[in-house]
Amino acid sequence: MDFNITTVLLPEVMMAAMSMILLALGLLVPYGARKSMMPLTVFTLIGVLGYTVYDFFYGPHATFLQGMYMHDQFAVYFKLLFLAAALLVVLSSRDYVQKLAEHRYKFYSLLLSATLGMMLMAGAGELITMYVGLELMTISFYILVAYLANDARSSEAGIKYLVLGGASSAILLYGISLIYGLTGSTELAGIASQLGGSLTPASLLATVFLLAGLGFKISLVPFHLWAPDIYEGAPTPVTAFLAIASKAAAFAVLIRVYLVTMNSQSFSLTGQTLLIVLAAMTMILGNLIAIPQTNIKRMLAYSSIAQAGYLMVGIIAESVAGIKGVLFYAMIYVFANMGAFAVATHVAERQDSDEIKDFAGLWRRSPLAAVVMTASLLSLAGIPPLAGFVGKFYLFSAVMDQGYTAIAYIGFVMSMVSVYYYLSVVKVMFLNEGEGLPDVPVHGALKFTLVFTMLITLVIGLYPTPLAQMAIAAAQSLFR
Amino acid sequence: MSALPTVSTLSMLLPFTLLAPLAAMLLIVFMPKEESKMIKLVAAMGMFVSLVLSLYAFFQYDQSLGGMQFTLTIPWIPDLGVNLAFGVDGLSLPMLLLTNLIGFSAIYASWNMEKRVKEYFILLLILIAGVMGTFIARDLFIFFLFYEIVVIPIYIMVIIWGSTKRVSKEYAGMKLTIYLLIGSAFLLVGMIALYLAAAAKGNPTFMFDQLAARQSLYSPAFQKVAFALMLFGFGSLISMVPFHSWSPDGYAGAPTAVSMIHAGVLKKIGGYGLIRLGVYVLPLGAKYWAPLIAVLAIGNVLYAAFIALAQKDLKYVVGYSSVSHMGYVLIAIAALNPTAMNGAVAMMFAHGVMAALFFAMIGFIYEKTHTRNIADLGGLAHQVPRLAIGFMIAGLASLGLPGTVNFISEFTIFMGAIKVYPVQTVLGIAGIIFTAVYILRTIANVMFGPRRSEWDHLTDLRGPELVPLVVLGFVIFLGGIFPNILMGIINSGVNSSGLAKVLETVSQATMGGLF
Numbered sequence: 003m004d005f006n007i008t009t010v011l012l013p014e015v016m017m018a019a020m021s022m023i024l025l026a027l028g029l030l031v032p033y034g035a036r037k038s039m040m041p042l043t044v045f046t047l048i049g050v051l052g053y054t055v056y057d058f059f060y061g062p063h064a065t066f067l068q069g070m071y072m073h074d075q076f077a078v079y080f081k082l083l084f085l086a087a088a089l090l091v092v093l094s095s096r097d098y099v100q101k102l103a104e105h106r107y108k109f110y111s112l113l114l115s116a117t118l119g120m121m122l123m124a125g126a127g128e129l130i131t132m133y134v135g136l137e138l139m140t141i142s143f144y145i146l147v148a149y150l151a152n153d154a155r156s157s158e159a160g161i162k163y164l165v166l167g168g169a170s171s172a173i174l175l176y177g178i179s180l181i182y183g184l185t186g187s188t189e190l191a192g193i194a195s196q197l198g199g200s201l202t203p204a205s206l207l208a209t210v211f212l213l214a215g216l217g218f219k220i221s222l223v224p225f226h227l228w229a230p231d232i233y234e235g236a237p238t239p240v241t242a243f244l245a246i247a248s249k250a251a252a253f254a255v256l257i258r259v260y261l262v263t264m265n266s267q268s269f270s271l272t273g274q275t276l277l278i279v280l281a282a283m284t285m286i287l288g289n290l291i292a293i294p295q296t297n298i299k300r301m302l303a304y305s306s307i308a309q310a311g312y313l314m315v316g317i318i319a320e321s322v323a324g325i326k327g328v329l330f331y332a333m334i335y336v337f338a339n340m341g342a343f344a345v346a347t348h349v350a351e352r353q354d355s356d357e358i359k360d361f362a363g364l365w366r367r368s369p370l371a372a373v374v375m376t377a378s379l380l381s382l383a384g385i386p387p388l389a390g391f392v393g394k395f396y397l398f399s400a401v402m403d404q405g406y407t408a409i410a411y412i413g414f415v416m417s418m419v420s421v422y423y424y425l426s427v428v429k430v431m432f433l434n435e436g437e438g439l440p441d442v443p444v445h446g447a448l449k450f451t452l453v454f455t456m457l458i459t460l461v462i463g464l465y466p467t468p469l470a471q472m473a474i475a476a477a478q479s480l481f482r
Numbered sequence: 083m084s085a086l087p088t089v090s091t092l093s094m095l096l097p098f099t100l101l102a103p104l105a106a107m108l109l110i111v112f113m114p115k116e117e118s119k120m121i122k123l124v125a126a127m128g129m130f131v132s133l134v135l136s137l138y139a140f141f142q143y144d145q146s147l148g149g150m151q152f153t154l155t156i157p158w159i160p161d162l163g164v165n166l167a168f169g170v171d172g173l174s175l176p177m178l179l180l181t182n183l184i185g186f187s188a189i190y191a192s193w194n195m196e197k198r199v200k201e202y203f204i205l206l207l208i209l210i211a212g213v214m215g216t217f218i219a220r221d222l223f224i225f226f227l228f229y230e231i232v233v234i235p236i237y238i239m240v241i242i243w244g245s246t247k248r249v250s251k252e253y254a255g256m257k258l259t260i261y262l263l264i265g266s267a268f269l270l271v272g273m274i275a276l277y278l279a280a281a282a283k284g285n286p287t288f289m290f291d292q293l294a295a296r297q298s299l300y301s302p303a304f305q306k307v308a309f310a311l312m313l314f315g316f317g318s319l320i321s322m323v324p325f326h327s328w329s330p331d332g333y334a335g336a337p338t339a340v341s342m343i344h345a346g347v348l349k350k351i352g353g354y355g356l357i358r359l360g361v362y363v364l365p366l367g368a369k370y371w372a373p374l375i376a377v378l379a380i381g382n383v384l385y386a387a388f389i390a391l392a393q394k395d396l397k398y399v400v401g402y403s404s405v406s407h408m409g410y411v412l413i414a415i416a417a418l419n420p421t422a423m424n425g426a427v428a429m430m431f432a433h434g435v436m437a438a439l440f441f442a443m444i445g446f447i448y449e450k451t452h453t454r455n456i457a458d459l460g461g462l463a464h465q466v467p468r469l470a471i472g473f474m475i476a477g478l479a480s481l482g483l484p485g486t487v488n489f490i491s492e493f494t495i496f497m498g499a500i501k502v503y504p505v506q507t508v509l510g511i512a513g514i515i516f517t518a519v520y521i522l523r524t525i526a527n528v529m530f531g532p533r534r535s536e537w538d539h540l541t542d543l544r545g546p547e548l549v550p551l552v553v554l555g556f557v558i559f560l561g562g563i564f565p566n567i568l569m570g571i572i573n574s575g576v577n578s579s580g581l582a583k584v585l586e587t588v589s590q591a592t593m594g595g596l597f
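Going down the list, the sequences are from chains A and B. Residues in the first sequence are numbered from 3 upward in steps of one, following the numbering used here. Residues in the second sequence are numbered from 83 upward in steps of one, following the numbering used here.
Next comes chain B alone, as it looks inside the complex (with noise of 0.2 Å):
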């Protein structure tokens, strides 16, 4: 380890990426709280940067070479052995993107906020900040730093700007706030002993790729228990099963913005998480828990979506099925197959994508007409045609209508999880119809029928409320009818960073499982 930071080409792209939101937010800062449009624009700027900066990294990736590319490393703590360390490769680069995708979009979604205008900004740009952080780091100390940054903004977003319907939303805050404390307080301790374990011939590291390069210092035993603290960190944020129920609450409480953030991206990073540190780190963990977490996986899909049905409230519905979907990743993260895990990327991406897009409508819906009750909804395409449209795409979307890319992971995924686990496969397939019956009756009774004249007053999207519907719309048609941009990076991520080797390995291994 050099004392100067190690600088490669564009080393300084992902920096300014993540930095371009906190400046907007700095600014934001020292403007006065009433020049509401200015600070609305100041966000969307920062905002804009980072999107480009990741476009930019997205298509100069170079998906031959694979690996770390535009890494950065400084030593940070020298006494802890943490560097500040950023970089992306397959796995993190659509991650990333998904963070500007949604941030941007988010910040738009909240366009007609009137309330506390400057602190909601600045929280919600802080916010994003971290999200990305956390899918840039090389380094599991700083991975952790940004990814407990987003909790708190996120319960003060909850408590002051949310709303409160079947349950209050102090309560959904906190619960929300709570439950990702105490996973990732297990997470902690797990990380804790993995460093210990690791640096136990000296040289202590908090590095990714030096981390797994030194598996031959943790021992099974030790890999199990690790990992299983590291499942119950990763799988509270990811909403598996019976870890889940902050889910739902805490969506239905928070604005639209963090809704579509948490929903969007921040759950991800649970399954990013498990595939980065659990699956990279600790295969042989991972292979004696994967048979648990793929029965688990089946109940997320099956048990959110049957929940899912009896929804009244729009953002429950989309709640639980966010909570089914995250079953169709986990089964993928269990099958430990590259098949399935260029699905398990892909899939986190589509759905990302797609839950965006539906909280950023619902919460149009609920702006316009200040009720998210199925019942009291309908007929709103004779009125509000373009968000008819954005709400349809999403809908279609999230049931894997062929052209989405949420077809593409889906089928994906299944190709890879057929093979290991053919009975919770085929379930999980099942779990499509329950998702169809949902949605299909959410789409049917919000937006058609007869036309009802209390809604005659609405004005449909325009301007920049437009934005999102464009955005993220643009993105799941892309992404399905070519999916190779997308597919192309996730398999050069699974297959040159080492996590093609260690998934053969494991594969290998004839350690049993608990099944």
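Bound-form chain A, shown alone (with noise of 0.2 Å):
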């Protein structure tokens, strides 16, 4: 095929030297002189998803480097989706990463790498590559969590995610390993065709041990027990990031991995059967355990494990509706856990807490903050208009199309129990006058995150056409 690597590649080269330049930019210009580091990277971010959007639109899609990258619509709707979450927490945490003193230039470094891993995971058409945007994500992670040095529970955070990150790498890598072993490829292609009907317990663990390794990035129950520690000790921006964008990176490999290879039985059977019970304890454990949370942050985290577990219902699908119910969730889920984690962050910078109680009186306190949260909140529990319902409702008639009907019962019957938890906050934040908590205004850059997510999350709740025709589009581009 006839087109240049470089325009194709341009997202990714130009983050990869934005990354850099803000680094050495950090360490050239003094200390006090480093205001421009937040528009600087704010102006990357734009101009890198205004250059995708036009790319998903109108862009060369093609696969290249013997398979090895992907360029389709799959790939760039994931990468909008990433840009878009990392923009949002830039715009979100200025006055939070203010605080972080001289060290704060890295922080936009590593948030434009963590990006950059996650763009090469979408891509990735063998594993290895999928292996080094994945470690390229982690390891960004890995500073991220632990940007609070001074703080107990930050440096706790980052060392719990650096020792079971690790473990969790070296099990996928034993899974990679297993895989070439058995069929001498690393391209899922060569993988599907070689392994075809054969059944043999290598390969039965070598697909378990990949769901595994991506299960702990989707912090799939089983592999949960980190993300409450991390989510809560990392700063909330990170922690806003962690739940979101790595989330879907994970899901933008578990997609392809399964998609194409669905044909062969190894893949088939745990992207089916083990798949459907992991999906449903997901769902479950992380609904119950949310209830009787009372830091936001950990509330947060265990309703993210539960709206992975939501994710997941549409994999198992495995059909373009369900791609599309996957692709379209994801996206909204980006715009309604931004809103709530972009309040979060606020409050806790202000009052120093991340305790739910002390979200009291928040609409008196600050109006427009309440009001977001709430509809952030009401949008993940999928109550309409707001879009999470759409979403909910192109995940599991997907899934029920296929004739898995007790998934999305278990899917609706949990959302709505997920209703009490995050209505316990609607509570906390609406019943009370809060005396004595300070007054949070927002302005700024912050106050636009919040308008903006929260428009974005009642408009494609009202009219989810055109956000749909773009996931329809993403996900046929994965079955031609």
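Worth double-checking, as some hints may not be accurate.
[To be verified] Partial list, derived from the structure: chain B residues whose beta carbon lies under 10 Å from chain A:
hint, residue
1, Trp-158
2, Trp-193
3, Glu-196
4, Glu-201
5, Phe-223
6, Glu-230
7, Ile-264
8, Tyr-448
Rather than coming from a laboratory, the hints here were simulated on the basis of the structure. In this text, a Cβ means the ideal position worked out from N, Cα and C, and glycines have one as well.
Join these two chains into a complex; the hints should help.
Dropping the structure here:
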């Protein structure tokens, strides 16, 4: 095919370059004159995002480097998602990062490199490229999670993430090496044709290991135990990025792996039977454990575990409709979760507390923040007219269409159970006057982020067609 | 399906009816919160516009033509086959009018609200618009969307403006919300199953009439399962025994306006849904489950009436009475014949008006005396005669006194149901006796008896407070004395919408019931 490889890889190249430039600038510019770091990052992300939007609709779409790297609408859709998430995180966390003293330039640099890793994961057509992207993302996150070096909880979270993440990478790598040993290929299409209908203990083990390694990133039950501690300890913007984008990246890989290889026996066995059980457990446990949480970040951590369960349901369907559901839901999940985390970041920064009870009377202290929090949580719960409802509808109708009614039941009932703990937060915010707690006015970039996420959540809920069309196009590009 | 919206005459009537309260709500969002008088006026104005438009629709509806009128269809989510479709027929038009009557009265019933007025009216108007949307939707997806919109505002209103009596308002609000949401989860599964079955040959749709037209695609076994799911969902909403326990607690905890709207119209979405979706689209399923519904309905009528006898709190009396009255609606739906179906819709309308008036009056009593305990009250007719009149109108309508619209509807139900379920219907009629006992006992204890000096300082209803009494009381008697205004429209709805035809085929179907 005739196209220029640099134009196709331009977003990735830009991200890598800007990550380096920010790092270099931080070293060159004296402390105190580094205020421009955040605008620079924002402009980079907006530029790359704009190009990616163009790329999605009009760009060339191809596989190149012998199937190592895919540039289809599916990959570009996920890149859009990562970039949007990164942009929102940066916009909403200015004040928070400002407090991180002289190291703050590295924060933005690492954020960009983590985003780059995710973009590579979305495009990877073979397992080594995928692994490289995943490690780039994960290693950036190791540092980001432990960013508050003077804070014991943040350091603890960093160490935990490092140890557990290392173990999960090892498992993943073991799975990849088993697959390579069995098939002599790391390229997905090659693996699928080599494995074919054969079902050996080794091939089954390999697929389970692969699922375990990626399941760790998705925080799929039973690989979820790290999530609450690390979400609680990490700086809130990092938690947001971890909960949203890194999860979506692992989903991108999982979808591609399972769809390309679904004709092989061992993959379809783990992809259907095992995933159904895990998805059901994830939805049930995530939602039930979220109920007694008193810390907003822990609550959001368990809620995001449950959300991963919903997304998993779409993969089980293994149809265009199912993948469309996953893509659609993943995108609106970004905006809903970002709204919630932006409010949590802001309140935490002003009040120095992540406890849900300290959100008391937020409706009076900051009406906008309270309304955005409510809308975001209700969208996560799937209450119409917010976007979450349409998303869940796409996911569960797709899986019911394939005949898996039971999992859809569990999904709907558990999402109604989730209303309980989401509403508990709403109750705290609206019921009391919150005497003695400070005002938390919002302005500037944060205000923009809050209004923007809420508007997107509401508008997509009322008129989902444009995003649904994009998701369909991306899903179909995968089946072509 | 054309890409362009199909426009018929007056097709914008219903969207404007729906948008009027939302426009008022938006206006209130931008008003300073100290301007509480202005906020109330704007809310009342929005509801007035909506009420006038729905009255216009009610009297402009062509009964000889029948079917869906004032329709508007806009393709909305093409890949799912969702249309933003509005329209009313003889079944939904009374419900739309009821929503607006109660919504308008509810604004005035909250006229003395002083606490966080701005938020209160914003939520109240969203709530009313949500309920209205469910009744004018011709598309199942849009129907469900509007239905779920109302759940969250209700929760917030209960926990902030509610009252803690036997149970705390937080508990009442959460119980109500969880019951309705779990019910709606089952409803949603049934709805998706129905949608997928209807789309088996491509061309997915959510439109009620098209779902009904594709009945050949639903096997009897499927209909049974799907109807059971919907019965669970709508049954929780209409407080069918044994899913009724949210209702008295919820009403007792909720502020007056929410009790009015919830007992008056929101609950009726359950009955309306059972008819529109259950009977109309899944007739064989309805036929299969009808005997069970009839038995549960009698459970509603008698069990709730017995409990109402023992209540000490006024709101609990009316709360259980509304559970009891929903039994009549359920038995009428279970009878599956046009007469009873007429009665079911009329009963929903009649009970809505009555319950709203009852809750409004109880709200005023509580506002003035700060108690709802029957034992603490007494002889109020001496001090507040107008309030006593309103209370009595509601009470007498509740026990189905001839001359009130409630009598007409109960009578129609018994006429229709006795042929099908003689035993259950007789038991149901016996329920009226218990209703009379607890209602008359309540009226006697609260309004009559010797004059009590501790209530001498009370002021009677006046000015805006009179609006609910005048509007709702007028409708009760108008419907009772000229029943044809209401029954004509309902009858045209039952007969022209294809429902009568469905009912005829059902009665001929030989499939056995449960009992």
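Hint numbers not upheld by this structure, sorted from lowest to highest: Hints 2, 3, 8 contradicted; others consistent.
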